[in-house]
Amino acid sequence: MASQEVLREEPSRGSFINDPKVRGIFFQALVVVVLVAGVWWIAHNVIANLTRLHIASGFGFLKGRAGFDISESAIAYSSDSTYGRAILVGFLNTVIVAIVGIITATIIGFIVGIGRLSQNWLIRKICTVYVEVFRNIPPLLVIFFWYSGVLAVLPAPRDSINLPFGSFLNQRGFYFPRAVWGDGSWLIFVALLVGIAMAWFVARKARQRQMATGQQFPVFWTSAALIVGLPLLAYALSGFPLTFDYPKQSTFNLTGGFQVRPEFLSLYLALSCYTAAFIAEIVRAGIRGVSKGQTEAAGALGLRPGSILRLVVVPQAMRIVIPPLTSQYLNLTKNSSLAIAIGYPDLTATAGTVLNQTGQAVEGVVIMMVIYLAISLLTSLVMNWFNAKMALVER
Amino acid sequence: MQEHDMSWVRTEMALAQPAPAGVTGLGAWVRKNLIASAGDTILTIAGIALVAMILPQIINWAFINAVWTGADRTVCATVAQGGIQPDGWTGACWAFVNAKFGQFMVGRYPIEERWRPILVAILFVALLVPMLIPKVPRKGLNAVLLFFALPIVAFVLLVGGMFGLPHVETSLWGGLLVTLSLSFVGIAVSLPLGIVLALGRRSKMPIIKTLCVVFIETVRGIPLITVLFFASVMLPLFLPEGVSFDKFLRALIGVSLFSAAYMAEVVRGGLQAIPKGQYEGADSLGLGYWQKMYFIVMPQALKLVIPGIVNTFIGMFKDTSLVIIISMFDLLGIVKQNFSDPNWATAQTARSGLIFAAFVFWLFCFGMSRYSMFTERRLDTGHKR
Chain A
-1 MASQEVLREE PSRGSFINDP KVRGIFFQAL VVVVLVAGVW WIAHNVIANL TRLHIASGFG
59 FLKGRAGFDI SESAIAYSSD STYGRAILVG FLNTVIVAIV GIITATIIGF IVGIGRLSQN
119 WLIRKICTVY VEVFRNIPPL LVIFFWYSGV LAVLPAPRDS INLPFGSFLN QRGFYFPRAV
179 WGDGSWLIFV ALLVGIAMAW FVARKARQRQ MATGQQFPVF WTSAALIVGL PLLAYALSGF
239 PLTFDYPKQS TFNLTGGFQV RPEFLSLYLA LSCYTAAFIA EIVRAGIRGV SKGQTEAAGA
299 LGLRPGSILR LVVVPQAMRI VIPPLTSQYL NLTKNSSLAI AIGYPDLTAT AGTVLNQTGQ
359 AVEGVVIMMV IYLAISLLTS LVMNWFNAKM ALVER
Chain B
273 MQEHDMSWVR TEMALAQPAP AGVTGLGAWV RKNLIASAGD TILTIAGIAL VAMILPQIIN
333 WAFINAVWTG ADRTVCATVA QGGIQPDGWT GACWAFVNAK FGQFMVGRYP IEERWRPILV
393 AILFVALLVP MLIPKVPRKG LNAVLLFFAL PIVAFVLLVG GMFGLPHVET SLWGGLLVTL
453 SLSFVGIAVS LPLGIVLALG RRSKMPIIKT LCVVFIETVR GIPLITVLFF ASVMLPLFLP
513 EGVSFDKFLR ALIGVSLFSA AYMAEVVRGG LQAIPKGQYE GADSLGLGYW QKMYFIVMPQ
573 ALKLVIPGIV NTFIGMFKDT SLVIIISMFD LLGIVKQNFS DPNWATAQTA RSGLIFAAFV
633 FWLFCFGMSR YSMFTERRLD TGHKR
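Chains as they are written, first to last, in the numbering used here: chain A, -1 to 393; chain B, 273 to 657.
Think of the hints as simulated: they come from the structure by calculation, not from any bench.
Misleading hints may appear alongside valid ones.
Once the Cα atoms are required to be at most 25 Å apart in a straight line, the calculated DSS-like pairs of lysine-lysine come out as [said to hold, decoys possible]:
no. : chain 1 : residue 1 : chain 2 : residue 2
1   : B       : Lys575    : B       : Lys407
2   : A       : Lys123    : B       : Lys304
3   : A       : Lys19     : B       : Lys476
The structure displayed is predicted, hence computed values, not measured ones.
Could you put together the complete structure from these sequences and hints?
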């Protein structure tokens, strides 16, 4: 009994200074004190500076008249619109370039990444050169290269380069025919939606049937027929309402058609090329991460090379690829802020102009940070959902 | 005892026969690597076509048609553009790079004072090269000189204003000087800061952990430009009236904090990869927290994440080009600024200048990534799991 009493006794401590718990609380208290003092000091200075500069704080300035023009805007905007709307236009421009860039970068990245693993020596080398070149130069430099090195030295509108499908390329950008939707073209969109819904339904049913009976169904061709065929049918039924407005050459400029400005074009091309190099490396690592035994086992089961790739290798590689791919998508979105250097009116550029005009530095930077953080979180959420869907379901 | 008849056993080794003719030599290599199948052959032909289309153009432009020396834009412009080249000529205008080389390196640093950045560059190389070669002894002394003595000497030499050296405003700095000094300080600050943040994020103290998480995630969620905006428009508001920061210093703070957040995530990855037994083993030896980290955990964790650390360095080196947004002129900025020089404005100027800048950036980044691969192999103790 006595020995147990001794064991249960608290071990003697030298001093409470050496107690990790006490130390932890002390250091945290210290950090809090320093932080609060720092924040108070900064807030004090900010308030003093703002009163000295006669700047009212708060977000009321967003309702003021912007008074500056924006060259590209997805929604109606004029210099009479509010500052809030200007920032919204910038935000939409960021989203547009990010989405288009992500799609292109993914396509190039996958092609180059698979190319680096090709059996073909020449293809392998070409893809390696691509990756090593673009990974090691700053994205801003790539943007400038497209903007001042390539697009700015294209011919003037008078001598535009003719491209197929009635499109043109010149100093002022890329022109292509604009689709003009006539009366009754809503039917085409409805047909498209119905086609997609039916294709999804067919794919689901076919999968269930295959799981239950082992019988296969040509899902791909059926879906293609539904998604392409139904809108075509609707197009014919509604009396061919779709016409094209072709760009036409006049003396000094091209009129009509849809113009993609060089700012957007160079930002989009640069971001796609740059990010594609990183995506290629991720894809390569993902495919190499699938062990050779998987391929060999699939071959032993009698699958053909195409089926091995589609059913065995890619689903496993995707699990390795998706998390780093997410961060590349986020990087692309954040890098789109480089637009400011060539004058594409993205979020940073418009918010920067607003910030300079109104002097609302704190609010301007806060708005930028909050929007970018929101985009980051949203992209992460979507990709995490996709990741969870693709992740290994362990039984 | 049974007698063994050994007469049928060979007494000497048979000579190795040469490999079959079909698997060696150039022909076999071509068969295996270029024309293994019909699809492969098509790919090869497409690849050859691509190379044949692009490579001669590049060589023509960069070397054969290029102009290497000249005094002004006339050497790089066609007759129609007011120059001396025949119409339809395109070629690199290396004469532009040649003429502006000094500016590209040190910006508008006064010409009579340019020996100072050159001296700093010589000292930097003299200290960096032995640091990078593993066989050279006295690494400790070298590191102290490189990371503590050199910054002080460089500061005195570059900024001046003491020891009889005239003061040079940082607004006159530019070119590679700005790129390198921003990245050197950024690297030297962000690694230790990143380690501290990573340790903070894994700490058991809730307040410290929360602070580190909030800092890291916020910085990682926003673009560097926003951080630079923050540093250039908000920092002055944070300070009392009359106190002002140098613009260079503000950019330095922005870049360092930004890469510290990324570094923290890389280091955290390394910390997580160290098995718990290592921590517990260190505890059972009676080591304190900092001893445990310094002697046991960090050496292993950092070794694991060398590629990640170097990638962050490369990223930061490339990101220094963004200081152009807050009107500072690093290598890219100064190249771009010189496009508008009327003495040199031709159709080829922008392309040539940008390709020169790209080449310099590429050399540094590619060098760093190759060196990191070399270090990784050298430090690999074969414990890879």
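Here is what the structure says about each hint:
1. B/Lys575 to B/Lys407: 19 Å, holds
2. A/Lys123 to B/Lys304: Holds. A/Lys123 to B/Lys304 sits at ~15 Å (cutoff 25 Å).
3. A/Lys19 to B/Lys476: 10 Å, holds
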